[in-house]
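If you're matching them up, the sequences are chains A and B in order. Residue numbers for the first sequence follow the numbering used here, so the first one is 1 and each next one is one higher. Residue numbers for the second sequence follow the numbering used here, so the first one is 162 and each next one is one higher.
Watch out, some of these pointers could steer you wrong.
[As the list claims (entries may be wrong)] Derived lysine-lysine pairs resembling DSBU-like cross-links, with alpha carbons at most 35 Å apart: (1) 171/B x 192/B; (2) 178/B x 140/A; (3) 217/B x 136/A; (4) 171/B x 140/A; (5) 225/B x 178/B; (6) 217/B x 171/B; (7) 178/B x 217/B; (8) 192/B x 225/B; (9) 192/B x 178/B; (10) 192/B x 136/A; (11) 217/B x 192/B; (12) 225/B x 171/B; (13) 192/B x 140/A; (14) 171/B x 136/A.
Just so you know, these hints were derived from the structure itself, not from any lab.
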Amino acid sequence: MRTIIVGCGRVGAHLAGRLVREGDEVTVMDLRTEAFDRLDDDFPGQAVRGDGTDEDALRRAGAEGADRFFALTEGDNRNILAAQLASERFSIATVVAKINDPVRAEAYAALGLATICRTAMMTESLAAFLGVAADKAAMKVQTPTGRHDHGGELAASITED
Amino acid sequence: MYVIVVGGGKVGYYLTKELLAAGHELVLLEKDGRRARQIADEVGSIVLNRDGCEGKHLEEAGAKRAAIVAAVTGDDEDNLVVCQMAKHHFDVPRTIARVNNPRNEELFRHLGVDEIISPTRMALAAIEQDIPVHELLHLAQLEGGELELIEAQIGEDSPAIGRRPMDIDLPEGCTLFVLIRDDSAQQIRPDTVFQVGDKVLAISRTECETDLHRQLIGDTRAGTYAG
Chain A
1 MRTIIVGCGR VGAHLAGRLV REGDEVTVMD LRTEAFDRLD DDFPGQAVRG DGTDEDALRR
61 AGAEGADRFF ALTEGDNRNI LAAQLASERF SIATVVAKIN DPVRAEAYAA LGLATICRTA
121 MMTESLAAFL GVAADKAAMK VQTPTGRHDH GGELAASITE D
Chain B
162 MYVIVVGGGK VGYYLTKELL AAGHELVLLE KDGRRARQIA DEVGSIVLNR DGCEGKHLEE
222 AGAKRAAIVA AVTGDDEDNL VVCQMAKHHF DVPRTIARVN NPRNEELFRH LGVDEIISPT
282 RMALAAIEQD IPVHELLHLA QLEGGELELI EAQIGEDSPA IGRRPMDIDL PEGCTLFVLI
342 RDDSAQQIRP DTVFQVGDKV LAISRTECET DLHRQLIGDT RAGTYAG
């Protein structure tokens with residue numbers, strides 16, 4: 001499995017470490033090289049400095065032909081753009097975007113993006129802890145609830161440079 | 162017509178002023194408080210200090226009845242999200258996004274943005290228009306600068322296509338002498354017929370250049386390009 005992780009924050013770095021132990025070939029991208037300090041010292045994957053919302057930068061990081069893509073930066077919108085580039089431009093099969101705004105998370109799930117929403121997860125976890133009725137489904141990655149028809153494949157129309 | 166403008170930078174600010182002057186009903190969303198107040202001082206209460214990327218705020222701004230949402234912040238990702246939320250969540254009929262990275266244009270259209278404004282693309286087009294494609298190329302100065310050795314490429318707009326040297330009304334003091342075609346040089350003879358792609362070497366008096374340009378390259382652009 002080849003995995004690209006955009007955003008080397010706590011979650012990104014942690015997930016990267018976990019996946020390499022599972023035998024994944026992992027590339028982590030971040031705009032700041034300091035972010036890579038969060039990776040384990042013996043991290044065997046690749047760390048690429050670059051903008052995960054930039055098509056050319058993603059291509060340099062090896063997005064072409066990757067199997068899994070996680071957009072985990074601090075910015076919801078950056079994650080949304082990166083994830084849509086991954087699925088539409090590079091046709092990556094498994095793409096997940098971290099979207100902390102619950103409204104946006106739901107809206108993009110309806111548009112066909114798998115999303116993970118920290119706000120909803122934590123709220124529901126705490127509600128469950130307190131014995132308040134909790135929405136268990138919201139604690140997980142939200143699989144797409146819909147699929148927006150963009151009218152044709154984009155990836156096929158792109159000429160390689 | 163009700164318009165929602167997202168982003169109160171320079172573009173959003175002037176856009177708002179122009180739309181107001183044209184009598185449109187509108188709201189400007191600007192997430193930076195100071196900037197929002199600054200614009201509000203001038204244009205009044207139509208400025209909301211809100212992040213237009215948040216679905217909740219778009220709804221409060223009346224996205225459901227907006228005819229147009231124009232996302233003109235400096236960040237492509239924000240503009241994309243505003244437009245997608247407007248289009249797919251609030252059924253706004255027309256969405257406009259400012260796009261800085263030209264590579265994003267096609268993707269944004271594909272994802273439902275109706276109209277793309279690309280400052281980068283516009284500047285690029287303007288620059289490319291100014292760089293002559295086929296121009297006279299100065300190869301050398303002769304006789305202390307009075308004469309010049311010039312190369313002219315026969316482009317598709319050239320009036321010389323299909324003509325022989327004698328059909329071309331060359332300025333006095335100007336000679337065409339060598340033709341480069343298919344990577345080989347040949348002397349220009351009375352029966353030579355010029356074709357697209359030919360390169361013609363000429364010796365010309367400096368002041369005849371404009372005339373030479375018109376005859377070999379065409380009228381579209383005067384002047385020379387010192388390559």
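Results of checking the hints against the structure:
1. At most 35 Å may separate the alpha-carbon atoms for a hinted pair to count; residue 171/B and residue 192/B meet this at roughly 14 Å.
2. For the hint linking residue 178/B to residue 140/A, the alpha-carbon distance of about 45 Å lies beyond 35 Å, and the restraint is violated.
3. For the hint pairing residue 217/B with residue 136/A, the CA-to-CA distance comes to about 24 Å; that is within 35 Å, so the pair holds.
4. For the hint linking residue 171/B to residue 140/A, the alpha-carbon distance of about 41 Å lies beyond 35 Å, and the restraint is violated.
5. Annotation: proposed proximity of residue 225/B to residue 178/B holds, straight-line Cα distance about 23 Å (limit 35 Å).
6. For the suggested pair residue 217/B and residue 171/B, the alpha carbons sit about 25 Å apart, so the restraint of at most 35 Å is met.
7. Proposed proximity of residue 178/B and residue 217/B is supported: the alpha carbons are some 25 Å apart, at most 35 Å.
8. Between residue 192/B and residue 225/B, the direct Cα distance comes to roughly 20 Å. Compliance with the 35 Å bound is thereby established for this hinted pair.
9. Distance hint between residue 192/B and residue 178/B is fulfilled; the C-alpha atoms sit about 18 Å from each other, no more than 35 Å.
10. This hinted pair checks out: residue 192/B and residue 136/A have alpha carbons roughly 33 Å apart, not beyond 35 Å.
11. For the hint pairing residue 217/B with residue 192/B, the CA-to-CA distance comes to about 13 Å; that is within 35 Å, so the pair holds.
12. For the hint pairing residue 225/B with residue 171/B, the CA-to-CA distance comes to about 26 Å; that is within 35 Å, so the pair holds.
13. This hinted pair checks out: residue 192/B and residue 140/A have alpha carbons roughly 30 Å apart, not beyond 35 Å.
14. With a CA separation close to 45 Å, the supplied pair residue 171/B and residue 136/A exceeds the 35 Å bound.
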